[in-house]
Amino acid sequence: MKGKTMKSPTKVIAIAAAFATVASLAACSGGGASDGKIELRVATFPPGADQAAYDAFATQEAQFEKKYPNIDIIGVEYEWEGPTFTAQLAAGSLPDVFTVPFTDAKTLLENGQLADVTEEIEKLGYADKFNPIILDAVKDADGHLFGFPRQAYALGLQYNRDLFEQAGLDPNSPPTTWDEVREYAKQIAEKTGKAGYATMTQNNTGGWQLTAQAASRGGFLQSDDGTTSTIANDGVKATLQFFHDLRWEDHSMGDNFLLDWGSINQEFAAGNIGMYTSGSDLYTALVRDFSLDPAVYGLTTIPMEDGGKVLGGGDIAVLPPSLDDATKDAAVKWVDWYYMQKLLNEDAAAADAKALADSGQAVGTPVLPVLDQATYEESLTWIEPYVNVPREQMQGFIDHIFEQTPVGEPKSHTQEIYALLDPVVQAVLTDENADIDALLAQADTDAQALLG
Amino acid sequence: MTALDERRASPQRPRPRPAAVPAPRRRDRSLRGWVRRGGLVTLLFAAPMIFVFTVYSWWPILQSLWMSFQKTNLITYQFVGLDNFVNVLTDPVLGRAVVNTLYFALLALIFGFPLPIFMAVLMSEVKRLKGFYSALAYLPVVVPPVVAILLWQFFYKASPTGVFNTVLGWVGIPPQPWIQDAVQAMPSLVLEATWAGAGGSIIIYLAALLSVPPELYDAAEVDGASIWHKIWHVTLPQLRGVIFIMLILQVIATAQVFLEPFLFTGGGPNNSTVTVLLLIYRYAFENSLGGKYGEATALSVMLALFLAAASFLYFKATQKWSTD
Amino acid sequence: MSTTLKVPRPRGRRPAESREPDVERGILSLHDRRRRPVRAGQVASHVFLMVGLVVVGLGPLLWLGKAAISTTQDTIQQPFALWPSGIDWANLEQAWVEVEVGKYFFNTIALAAGQWVIGLIVATTGAYVLSILRPAYARVLEAAVLATLFVPSVVLLVPLFITVARPAFGPSLLNTFLGVWLPTAANAFNIIVVKRFFDSLPREVFEAARTDGAGPVRMFVSLVLPMSKPIVGVVSVFIIIASLKDYLWPKLVLPDPAVQPLGVRLPNIQSQTELDVTLAALAISTIIPVVLFLLFQRVFLRGAGLGGAVKG
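Residue numbers (the numbering used here), protein chains in the order written: chain A, 1 to 452; chain B, 1001 to 1324; chain C, 2001 to 2312.
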């Protein structure tokens, strides 16, 4: 037996809660006080995570409930699900604590869809410890804060060490220029028959990765104030030309050009992709959700050219605006304990790392600091004994990421602009004669129409 | 919203004269008389139907007309006149979506319309094993569409070892990109949709063929008609009522094609499989930060009006031929 | 209507000669059938139908069954080879346990069962009112129900979603099975099918029952329901199959994965699970409808043909 048949208590509760909801029709969002306890429904991880993740969560849940006996934590499987977010929010069926990506936080808070937590953050005393660039993502025009940035990442170049070896490449010296990436990709494709290089193309991720790779070539999609579209720039053109050359001249991009975040990870975990760009913290998900063999994983920085910058991102722990005071208070306690203290406090960091490590969860995946860099580097020493990810396989990234200049995603209408760019990337990859200039001119016009 | 629901909840103004229940005695126009004649019980029987239709059909239909003039985040509503319609009509993707949808409908007619008629005629004439053939033909229809699409997505793998490409390899045809190519994507979708749907049509035609009066064939034979002659001059004319209906139903169904482009290609490559319904879905549900519910309903209403007009014209045009 | 549909009768024990006249004639006459080219054509048709339908209708499912117990590498590299590296039964267990297909399978069944019960209640009581009780408002009601047949379901998508997500009264039905059960019960087609069947029942029986003092409830329970077994079977098939096939609506109403049915969950499973396990999950989710079909083949095919008759 694999020992995975047993459901963790959290899981059982989550399922039981789901059925209770159905039976009683009472889909009211948390906040209900039963036997004097405050029930707090908190987001955990996407469904399909392995048992170890549930075990780790159960341990942490028990620790928290021991510390705050009047709060009853209910873990809810959660996945940032665009399509029904607005409706779930309006219907009050979201967890009391959940996470959203940086890109969406601004619009949500401007729409009044997130709770104001300025006071709470100030009371907790770490308002000034955040990296100001990152804190900007949760701040409104009046300086109010609407969430806790909890994790940030920079985009990196993910690669498969096994395919590198099969192609006669040294997995310990990954490519450092885009030309090398092309060369390596070609070699992988020729020697192994797999895709040497791949890029996402669907569900707005095509635009996202195009933005990232163009940024590394010094091309940005919008003016700094987000009012003018600058899509038709040399960096974007060079990126698309790069795709075109790999696809149609080198034939090194495989044969699947309808990939999004999930499916590209799946293909990578199945050993079909040599290199692609994605978040630096991807390792956790690759191993937990996509069953990647850790030994084949490699991560390095994206090559920088012509004043290129590295695109970053991250997510934010937020609360819906509808919570009553007691629940909100409990929610803030949870956010502070579960997400923030491990960044700030040695004991908490060690306890968190231990709980994760004990149940075989990834500890030590490279991220970008959400707090100041000094705190971040100190925190790495706290968790050192528990680090279980092969950081030596990520050395290329760890050694060079702080030499790169981070840049945020485009400010206005981010997702809509990405959506405009998906077809452009797809066109280049599926039509040998696609006219890059014409495609970009059209996308630029459409984007400018959105920006108004 | 509430007004209508309350109207439903309160008993209808009593109407004395239940058509089929003969009043035992002199008609009593009072509420008590109505109850005694079974009016209340009747209403209770009708209640489930009235409830689900009011709340989940009639009301949303009315609401969609209203919503197409609103801008909403589901909490507040704001009247915006014709803005939603203007936004939809000026969306650069709309043209693609309409053309693609028409293309899908056309391909579906070419691939999938004559075939079931042909199969049904063949199956009904071979007599033996008809039940077995019907079952085989119907099997794809019972496979959940999501399963069918995910399975075919794998069949369509563009590598030379993909399932379909392997088959093509047997007969010396080079591997095809299938859904990975803007030109081939739509026909590939239609092929799967035809596979999934043809069985249902075959069964319907088989049933219709049973109702062709045998005397007509006898009569045709007396006139010395050949087999082809009988098919052309007896069978098909006798089926035309069903054929006309199936045709319009297929057009209505293909005008609302969603699942295939959504799951196979997400509308790609390069918008080559974006359909009207996929666009409606994108308006309403794809943007995580507040759907464009107004635009989505505006486009739905336009699609519905178009379909209603098309069916009306179609019925007008075919009335002469479909009935004797 | 169902009564006019002829279900193929079992044949076999009869002597060879008496079989011919028993076969209803179609395009081909007895005389035609005796002609040699026609006989050859018959044989050719059989070969064509048999090979064509087995390959096209059954082939993909058999392939899926094979792939469900093959290793990923076998499936990718030699899609048509029979288990070159052995049968991988573990796929099924992995799909059931780790991917929790079992949980989603249960949701699928709960959804279908609820839709079936509620759908049948609405269809039978509604048809009873429209066909037999016929109160004064029956005509208006019937017209209003019929009218919804002409409104494409897409028009309802957004407003219906909002109605379910934020009802005018009561709690939100998002993430509850009722959010799927109730809206799908508003199905005019099923009501019309049942009503047409009720229309064909002999009126005298009801008149007699009324004369004996039977009320509407008695009549429904002890007369109408027992007589309507065939149509209830057909409508049950409609409802259950529709439920198993539905995707968009449950996807929207049940965003919480814990309550999603297998069909909705599969695309996500597919993007996070190794291919062999995904295919095993696909195979598992095909089993219920296929088994139901094989068990109740006649009802299915009668229902499918009836669909055309009603539409016609």
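Calculated directly from the structure, the hints in this document are not laboratory data.
The reader is advised that the hints may include incorrect statements.
Claimed, not checked - Listed next, the in silico BS3-like pairs over lysine-lysine satisfying Cα-Cα at most 25 Å (straight line):
1) A:354 with A:139
2) A:309 with A:237
3) B:1071 with A:106
4) A:411 with B:1071
5) A:333 with A:129
6) A:186 with A:129
What the hints assert, rightly or not - The following residues of chain B were derived to be distant from chain C, with all beta-carbon distances above 12 Å:
7) 1037
8) 1044
9) 1056
10) 1063
11) 1066
12) 1072
13) 1083
14) 1086
15) 1089
16) 1090
17) 1114
18) 1121
19) 1159
20) 1172
21) 1173
22) 1280
Just so you know, even glycine gets a beta-carbon here, dropped at the ideal spot from N, CA and C.
How the hints compare with the structure:
no.: 1; hint: A:354 with A:139; verdict: 33 Å, violated
no.: 2; hint: A:309 with A:237; verdict: 16 Å, holds
no.: 3; hint: B:1071 with A:106; verdict: 20 Å, holds
no.: 4; hint: A:411 with B:1071; verdict: 23 Å, holds
no.: 5; hint: A:333 with A:129; verdict: 18 Å, holds
no.: 6; hint: A:186 with A:129; verdict: 45 Å, violated
no.: 7; hint: 1037; verdict: 10 Å, violated
no.: 8; hint: 1044; verdict: 9 Å, violated
no.: 9; hint: 1056; verdict: 4 Å, violated
no.: 10; hint: 1063; verdict: 4 Å, violated
no.: 11; hint: 1066; verdict: 8 Å, violated
no.: 12; hint: 1072; verdict: 8 Å, violated
no.: 13; hint: 1083; verdict: 16 Å, holds
no.: 14; hint: 1086; verdict: 18 Å, holds
no.: 15; hint: 1089; verdict: 18 Å, holds
no.: 16; hint: 1090; verdict: 20 Å, holds
no.: 17; hint: 1114; verdict: 15 Å, holds
no.: 18; hint: 1121; verdict: 7 Å, violated
no.: 19; hint: 1159; verdict: 8 Å, violated
no.: 20; hint: 1172; verdict: 16 Å, holds
no.: 21; hint: 1173; verdict: 16 Å, holds
no.: 22; hint: 1280; verdict: 6 Å, violated
Checked against the numbered hints given earlier, the structure breaks hints 1, 6, 7, 8, 9, 10, 11, 12, 18, 19 and 22 and satisfies all the rest.
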